[in-house]
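Number of protein chains: 2
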Amino acid sequence: MAERKGTDSLDRLHRRAKALTGMPVTRRDAERALAACLSDSDMWTVIRHSHAPLRYTTCLWDLMEKEGLLTTQDGRLTLTEEGKSLAEALGIGPPMTFDCPHCDGRGVDVSSGLLKSLLERFRQIAQERPTALQKFDQGYVTVETTIARVAVAWAKGDLTGKSVIVLGDDDLVSIALALTGVCRNVLVIDIDRRLIRFIRQVARSERLTNLEAREHDLRNPLPDAWLGQFDTFLCDPTESFVGFKVFIDRGLLALKGAGSAGYFGLTRLESSLSKWQRIQQFLLSRGAVVTDIRDRFHWYENWDYVEKMRAWDWLPAKERPRDIWYQSALFRIELLRTPRISNEPVVGDIFTDNEAATT
Amino acid sequence: MAERKGTDSLDRLHRRAKALTGMPVTRRDAERALAACLSDSDMWTVIRHSHAPLRYTTCLWDLMEKEGLLTTQDGRLTLTEEGKSLAEALGIGPPMTFDCPHCDGRGVDVSSGLLKSLLERFRQIAQERPTALQKFDQGYVTVETTIARVAVAWAKGDLTGKSVIVLGDDDLVSIALALTGVCRNVLVIDIDRRLIRFIRQVARSERLTNLEAREHDLRNPLPDAWLGQFDTFLCDPTESFVGFKVFIDRGLLALKGAGSAGYFGLTRLESSLSKWQRIQQFLLSRGAVVTDIRDRFHWYENWDYVEKMRAWDWLPAKERPRDIWYQSALFRIELLRTPRISNEPVVGDIFTDNEAATT
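Residue numbers (this note's numbering), protein chains in the order written: chain A, 1 to 359; chain F, 1 to 359.
Just chain A, with the same shape it has in the complex:
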């Protein structure tokens, strides 16, 4: 009886938030948003646990607050007794985490052997990195994340003796790749002149002779010299569907063909599972297969422009985050054939769609 009432209540809130935001979410996202409120009262921790589009969850929490199911104060987001009863009636418990403390759940050991020394050298270099800029939708991952990503690509055989291209690189993954010493060559392209300058400087000072950095706006076609030349691409695309496709298509254009691989990140905060599905359809249509999806693999350092991001207005409490809250999955794809992709210029805003939160 309590369960039935709870179900009706959550259904109603979900339908209302879905209608208000126009987001392609399911009721399961409402469950995730509610369960997240049982994790902690720090708003950013709740957001991290929610694992659902921020555009929608912030609306749902707003509706819940109006109905007395939760309160927000001093950056804290707390379920009221009524809110807790709702969760209980629905059999919803707090999110559980069983992440391995040794590798933060990534499954990759960066604390010993080869990777340890790579990490230490990279950490040293990255101290002087340029700050993240909103105009390029930047926001970089922790140094441990970058090294773990390189380790995955290495273990998959996508680095040794291979030509690697990095499309957009505020994570400085190109430097970490070159530091492994196993790639045939590494080309990094970025729209941001600061990053190109920084990477070139590091390449010189660290004597990374096979690392080349070139300024390039991915909205422009790739030069012929880069087409079909690489075994592996890595990127961290902007998550609007149109922007995502631009990044991936440029990456695929740079690949040699069947057997070449690509890596990218994808969040649950800025991409609904419906968008994930469209992305997967897109990847398959390009002749790729998805070989790996490691959820919550990428942990992002907080960026300066948090108050200026689109989602700031939606937040139930206007507090800056202290800990890591923004995570994304690591995808690996492998090509089974050479896709036909146009190398045309792309015009207009590629950064924003209805689900975007940080642009």
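Any given hint could be a false lead.
Computed cross-link-like contacts, PhoX-like style, restricted to lysine-lysine with a CA-CA straight-line distance of at most 20 Å [unchecked claim]:
1. F:LYS84 <-> F:LYS66
2. A:LYS256 <-> A:LYS156
3. F:LYS256 <-> F:LYS156
4. A:LYS256 <-> F:LYS5
5. F:LYS5 <-> F:LYS84
6. F:LYS256 <-> A:LYS5
If you are wondering where the hints come from, they were derived from the structure by calculation, not from laboratory data.
Please read all numbers here as calculations on a predicted model, not as lab measurements.
The hints should help you fit chain F onto chain A, whose structure is shown.
Just chain F, lined up with the frame of chain A:
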């Protein structure tokens, strides 16, 4: 020059092995098979590292042996100097592993807290389990794997307060699920009467009142009482494409709809990436999205019938494996809508296709 010659040589071997086996592989699989030979000389370790269809790699190794690129003796598979030169000319190095030693690369900590006690209790229970039978394509994962799989589902919110169905259960995952105490109810169905009897006995002795075990052949339609009743399904399908679809479709039929989740395993040894791609197309066409693919998550205990499996004839050396060699990826899918699936009987052999190795 050496590289060009090496490329031609590997190309030729690859094309020949592909033609002889009729497998939908790419030249990248030849690279993986060659790189694996640099890992170790234990044949089963080489097979584990190859991460490509066994039907094809065994044929490739056979051709390599005939051309003096490798030798097999006493269950060992060793590259000759010529074989090593080929790898070197192609820039192919030995497979690298950076798996976290604490969690065996699964990212899940089963050695402390809740999971530790769950693991110990489960290990105790599983000691008396029935042996794996070839006629049902059985072969079970390690107890650590079973607990880690349960932990992933728990962390994803697919267990707490949820109705869970397990389709085929030589892994005894239904018992581990019931032991968590958080599922609303667990139904396990299996064709194998021995397993049903064993699980019922455990349910009684461990007082797992919400665990129900029913004998059922998945080739038969699901009874109406199970249709649309579950939030989560778990299974480890036979890997012929037709058999795989039968397992997944029955699982999807048992689910409530949008927001429900499914888990299954998929290998690279018995499924080419081309089959992976067809499987992903199939899943998307059913209204599901793939949320997780954790490669090499499942580690299988060796089974008794190794000499009787289809792949035995193909093996370059007839030696029984000592260590774990058979692994599979853990997939999680989530439904975004209720799919239309027929609940008809399936006739004929669902266990074998050209890529099958263990049936």
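Provide an ascending list of the numbers of those earlier hints which the structure does not satisfy.
none
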